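Asks: Sequence:
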Amino acid sequence: AVGAFIDDSLALHYKQNYSRFNWVNAIDAYISHRFVEAAAYAKHEPDGLTEVLLTRLTKEILNDIVDSGALVTPRDPADGTAPYVLTVEQVEIDLWLVTWEFCPVGSARRIAGQPILMR
43 AVGAFIDDSL
53 ALHYKQNYSR
63 FNWVNAIDAY
73 ISHRFVEAAA
83 YAKHEPDGLT
93 EVLLTRLTKE
103 ILNDIVDSGA
113 LVTPRDPADG
123 TAPYVLTVEQ
133 VEIDLWLVTW
143 EFCPVGSARR
153 IAGQPILMR
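Residue numbers 43 to 161, in my numbering, belong to the letters of the sequence shown in order.
Because the hints were derived from the structure by calculation, they are not lab data.
Mixed in with the good hints there might be a few duds.
[Unchecked claim] In the DMTMM-like style, the derived pairs of lysine to aspartate or glutamate whose C-alpha atoms are separated by at most 25 angstroms in a straight line are:
no., residue 1, residue 2
1, K101, E143
2, K85, D121
3, K57, D70
4, K85, D118
These numbers were taken from a predicted model, which means no experiment stands behind them.
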């Protein structure tokens, strides 16, 4: 069999999940990069201010991505309607854990045409 693939946009990933798509990894890397900058800004602040800063700065990052169209409403209604879910918690006296779940935009990587003959 001979096949032509133009700009398939797949990453080398062993699981069949969203991480196999290049643009999903690019979105994740961008958010992670900006988060590291935000975390450095919030570092060594007292508890109350740390939580406020981490929440505000991470929401700004994620909202920028939503505004760009890179994050969208989840496809599964069980995941809610928000393009992201943000959790900020103090795990230990000196450790804060920021978790973000996000729904990346899709891409028309595969397009199928189906001809149907009429009588």
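Asks: Taking the hints in turn, state whether each one holds.
Replies: Going through the hints against the structure:
Taking the CA atoms of K101 and E143, the gap is about 12 angstroms. The hint holds against a cut of 25 angstroms. At roughly 31 angstroms between alpha-carbon atoms, K85 and D121 are farther apart than 25 angstroms, so this suggested pair is violated. Our distance criterion of 25 angstroms between C-alpha atoms is met by K57 and D70, whose separation comes to about 17 angstroms. Taking the CA atoms of K85 and D118, the gap is near 36 angstroms; set against the 25 angstroms cutoff, the hint is violated.
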